[in-house]
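A.B. asks: The lines below spell out each chain.
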Amino acid sequence: MPKHELVLLKNMMQPGYTGSLADYEKTGGYQALRNALTKLAPTDVTATVMKSGLRGRGGAGFPTGVKWGFLPKDYQGPRYLCCNADESEPGTFKDRQLMERDPHQVLEGIVLACYAIGAQSAYIYIRGEMVLGSKILEHAIGEARAAGYIGQNIFGTGVTVDVWVHRGAGAYICGEETALLESLEGKRGLPRVKPPFPATHGLYNKPTVVNNVETLANLPHILSRGPEWFASIGSPPKSTGTRVFCVSGHVKRPGNYELPMGVTVRDLVFEHAGGMRSDKPMKAFIPGGASAPFLTPSHLDVKLDFESVAAAGSMLGSGGVTVMEEGTSMVWAALRLMEFFYHESCGKCSPCREGSSWLVQTMRRIMAKRGQMQDLETLTDLCKNIAGRTVCAFGDAEVAPIMSTLKHWRHEYVTLIQEAEAANLIRPESVGTRH
Amino acid sequence: MTGNERETINGMTLSEKYKDEIAEILSRYPVKRSALIPLLYLAQREPGYITEAAMTEIAGLLKLTPPQVYETATFYTMLNLKKVGTHHIQVCKSLMCALVGSDTVIGWIKTKLGIAPGETTADGLFTLTAVECLAACGTAPMMQINDDYYERLTEEKVEKILADLR
Ligand SMILES: NC(=O)C1=CN([C@@H]2O[C@H](COP(=O)(O)OP(=O)(O)OC[C@H]3O[C@@H](n4cnc5c(N)ncnc54)[C@H](O)[C@@H]3O)[C@@H](O)[C@H]2O)C=CC1
Ligand SMILES: Cc1cc2nc3c(=O)[nH]c(=O)nc-3n(C[C@H](O)[C@H](O)[C@H](O)COP(=O)(O)O)c2cc1C
Ligand code: SF4
Ligand code: FES
Numbered sequence: 001m002p003k004h005e006l007v008l009l010k011n012m013m014q015p016g017y018t019g020s021l022a023d024y025e026k027t028g029g030y031q032a033l034r035n036a037l038t039k040l041a042p043t044d045v046t047a048t049v050m051k052s053g054l055r056g057r058g059g060a061g062f063p064t065g066v067k068w069g070f071l072p073k074d075y076q077g078p079r080y081l082c083c084n085a086d087e088s089e090p091g092t093f094k095d096r097q098l099m100e101r102d103p104h105q106v107l108e109g110i111v112l113a114c115y116a117i118g119a120q121s122a123y124i125y126i127r128g129e130m131v132l133g134s135k136i137l138e139h140a141i142g143e144a145r146a147a148g149y150i151g152q153n154i155f156g157t158g159v160t161v162d163v164w165v166h167r168g169a170g171a172y173i174c175g176e177e178t179a180l181l182e183s184l185e186g187k188r189g190l191p192r193v194k195p196p197f198p199a200t201h202g203l204y205n206k207p208t209v210v211n212n213v214e215t216l217a218n219l220p221h222i223l224s225r226g227p228e229w230f231a232s233i234g235s236p237p238k239s240t241g242t243r244v245f246c247v248s249g250h251v252k253r254p255g256n257y258e259l260p261m262g263v264t265v266r267d268l269v270f271e272h273a274g275g276m277r278s279d280k281p282m283k284a285f286i287p288g289g290a291s292a293p294f295l296t297p298s299h300l301d302v303k304l305d306f307e308s309v310a311a312a313g314s315m316l317g318s319g320g321v322t323v324m325e326e327g328t329s330m331v332w333a334a335l336r337l338m339e340f341f342y343h344e345s346c347g348k349c350s351p352c353r354e355g356s357s358w359l360v361q362t363m364r365r366i367m368a369k370r371g372q373m374q375d376l377e378t379l380t381d382l383c384k385n386i387a388g389r390t391v392c393a394f395g396d397a398e399v400a401p402i403m404s405t406l407k408h409w410r411h412e413y414v415t416l417i418q419e420a421e422a423a424n425l426i427r428p429e430s431v432g433t434r435h
Numbered sequence: 001m002t003g004n005e006r007e008t009i010n011g012m013t014l015s016e017k018y019k020d021e022i023a024e025i026l027s028r029y030p031v032k033r034s035a036l037i038p039l040l041y042l043a044q045r046e047p048g049y050i051t052e053a054a055m056t057e058i059a060g061l062l063k064l065t066p067p068q069v070y071e072t073a074t075f076y077t078m079l080n081l082k083k084v085g086t087h088h089i090q091v092c093k094s095l096m097c098a099l100v101g102s103d104t105v106i107g108w109i110k111t112k113l114g115i116a117p118g119e120t121t122a123d124g125l126f127t128l129t130a131v132e133c134l135a136a137c138g139t140a141p142m143m144q145i146n147d148d149y150y151e152r153l154t155e156e157k158v159e160k161i162l163a164d165l166r
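Protein chains in written order, with our numbering: chain A, 1 to 435; chain B, 1 to 166.
Honestly, the hints are just simulated from the structure, not real lab data. Small disclaimer: the values here were computed from a predicted structure and weren't measured. Heads up, the beta-carbon is just placed ideally off N, CA and C, and yes, glycines get one too. It is possible that part of the hints are untrue.
The following label-pair restraints were derived from C-beta to C-beta distances [claimed, not checked]:
# : chain 1 : residue 1 : chain 2 : residue 2 : range
1 : A       : E228      : B       : P117      : 45 to 55 Å
2 : A       : E419      : B       : R28       : 37 to 47 Å
3 : A       : G118      : B       : R45       : 32 to 42 Å
4 : A       : V193      : B       : E159      : 25 to 35 Å
5 : A       : L132      : B       : E119      : 22 to 32 Å
No farther apart than 27 Å at their CA atoms in a straight line, the calculated lysine-lysine pairs in the DSSO-like style are these [what the hints assert, rightly or not]:
# : chain 1 : residue 1 : chain 2 : residue 2
6 : A       : K187      : B       : K83
7 : A       : K187      : B       : K63
8 : A       : K252      : B       : K63
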């Protein structure tokens with residue numbers, strides 16, 4: 001196993017580490033914040049983050065420092081930071097661990113980001129189901145406030161940052177940043193049309209940065225160890241730092257593995273996650289959460305960085321790697337994900353709202369052996385008419401499982417349909433009732 | 001409106017019952033409406049669901065119309081507008097859990113409690129729901145019961161958890 005240093009998961013892996021303020025301070029916690037607030041200008045913090053090459057861990061991989069730089073410089077009114085802790089992408093479970101096991105690492109990142117962008121208020125939008133996580137964060141905020149790391153006049157510098165936990169209430173779409181903002185404003189979580197981006201028109205129409213939990217948790221380390229250190233990890237220059245990969249499915253040791261970006265799928269699955277759980281070989285994997293197209297074992301040597309996974313025809317996305325063994329029906333797997341997307345479409349735009357309903361019905365029909373060959377064309381047409389024609393990226397995501405399984409395992413669809421047709425030859429009366 | 005518009009929790013309005021908590025929630029946001037979901041959670045805390053009376057009261061508190069409150073409340077799956085069982089069992093059925101046996105878990109619960117997803121036991125103790133990914137795919141199969149996660153489920157574990165709740 002190649003040697004590599006843990007960054008984000010390091011503290012929590014120490015025996016006896018509780019995530020309390022005292023424990024976090026013992027590891028050097030809040031020193032980066034003290035140093036930044038007392039010695040650096042906000043623009044220096046942004047410049048450091050830009051130089052580190054840090055890119056958003058929420059999935060889209062937008063350069064964090066560049067995003068901060070988009071906030072209007074001369075704007076006098078309030079600005080906001082929202083920590084995106086909605087983590088709802090099937091296959092993704094890293095933010096939950098980061099928040100529950102080392103909450104102060106996230107909080108220090110939040111206050112650093114607020115300082116850089118000049119925000120006095122931050123909201124942690126955490127998915128409603130994570131009751132434990134929200135309690136842990138609230139407790140940690142209390143500790144940090146009492147210690148003077150959050151609140152007014154931090155370190156006597158006159159800087160004020162307040163942080164609140166805001167619980168979502170069960171809606172996947174609220175992870176999309178503009179839906180998150182709508183939800184935080186007390187409305188239904190319907191995405192807004194971008195542009196304008198939150199950087200200029202965000203929470204309450206004010207300049208706002210939305211950053212993922214893992215993105216923010218990286219900040220204390222970048223500030224204390226320097227951008228060159230960070231940029232030397234992973235696949236520089238474009239995919240720097242580590243990634244907390246969430247491994248699930250048919251492996252021996254599912255769980256979170258923090259590794260330098262650019263590790264191969266083969267290493268992640270076979271070295272770190274213990275390989276396949278039984279003697280069945282791997283049949284398929286998803287490299288970046290439910291929104292990322294399926295890949296095959298021929299892609300095992302693909303490097304898990306933004307560019308390499310994209311070049312292989314998928315997406316690094318949220319870092320959720322799901323492994324499936326031989327014997328898994330790919331039509332069934334795609335249908336499971338389609339059921340998810342159908343359930344979670346917010347209904348704002350018709351291609352997604354209507355399309356997801358058609359897709360799920362067609363898929364259910366094929367799976368139930370009531371499909372026809374022309375259903376495959378219907379699926380392809382529907383997908384083409386959804387992707388790229390919707391308000392938010394959910395539209396592109398929902399077609400990924402079907403498009404990619406049709407590409408690599410079309411024969412499985414065909415077999416199910418042929419079986420349906422054969423059954424119909426024996427039972428012609430069923431034709432009339434089919435739709 | 002469902003008959004009794006003055007329906008309250010133990011005869012008290014939300015503002016009487018949670019005066020300080022409401023004030024604290026309102027203080028977090030520069031715009032009142034942001035307090036809507038937190039207040040709906042508050043309304044749900046004791047009865048387990050949100051009454052019409054509570055929604056009307058919250059509308060008044062936030063200077064919204066009742067339909068504005070209703071529109072938000074109906075969007076989110078965790079805000080209940082109907083009574084659910086004392087123990088709300090939510091089994092994740094998304095792909096990653098399904099790969100390692102969540103359908104079997106639902107089967108066990110079905111046999112043990114005699115209810116299918118979407119149903120509540122006659123004594124009102126348990127409601128079973130099949131839900132989408134709860135960010136615990138690395139410790140699948142899993143379920144959530146009220147606020148708590150139960151992970152790496154086995155038949156014996158499920159049996160014990162249900163027995164302990166009875
Ligand atoms: N972590 C999770 O649970 C999930 C993650 N995702 C991921 O989300 C991704 C899509 O996210 P989106 O926010 O739609 O991507 P996006 O590309 O629209 O935006 C990415 C970030 O960069 C900012 N940005 C981009 N261009 C900008 C500009 N010109 N000016 C100012 N700011 C700009 C956006 O505001 C946003 O914060 C997918 O790639 C998917 O991997 C999707 C579902 C769930
Ligand atoms: C449908 C959808 C769901 C999303 N869900 C999440 C999420 O749960 N967590 C997250 O951090 N980003 C999510 N995103 C991405 C956010 O819109 C946004 O890009 C991200 O929060 C920006 O933070 P980052 O730059 O630090 O990654 C989602 C995007 C889409 C289109
Ligand atoms: S693409 Fe789907 S989820 Fe996104 S805004 Fe349109 S209907 Fe809503
Ligand atoms: S798929 Fe079940 S918790 Fe993620």
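A.B. asks: If a hint holds in the structure, say so; if it doesn't, say that too.
C.D. replies: Now the hints, each set against the structure:
no.: 1; hint: E228/A with P117/B: 45 to 55 Å; result: 53 Å, holds
no.: 2; hint: E419/A with R28/B: 37 to 47 Å; result: 58 Å, violated
no.: 3; hint: G118/A with R45/B: 32 to 42 Å; result: 36 Å, holds
no.: 4; hint: V193/A with E159/B: 25 to 35 Å; result: 50 Å, violated
no.: 5; hint: L132/A with E119/B: 22 to 32 Å; result: 27 Å, holds
no.: 6; hint: K187/A with K83/B; result: 23 Å, holds
no.: 7; hint: K187/A with K63/B; result: 14 Å, holds
no.: 8; hint: K252/A with K63/B; result: 54 Å, violated
Violation of the numbered hints given earlier is confined to hints 2, 4, 8; the remaining hints are satisfied by the structure.
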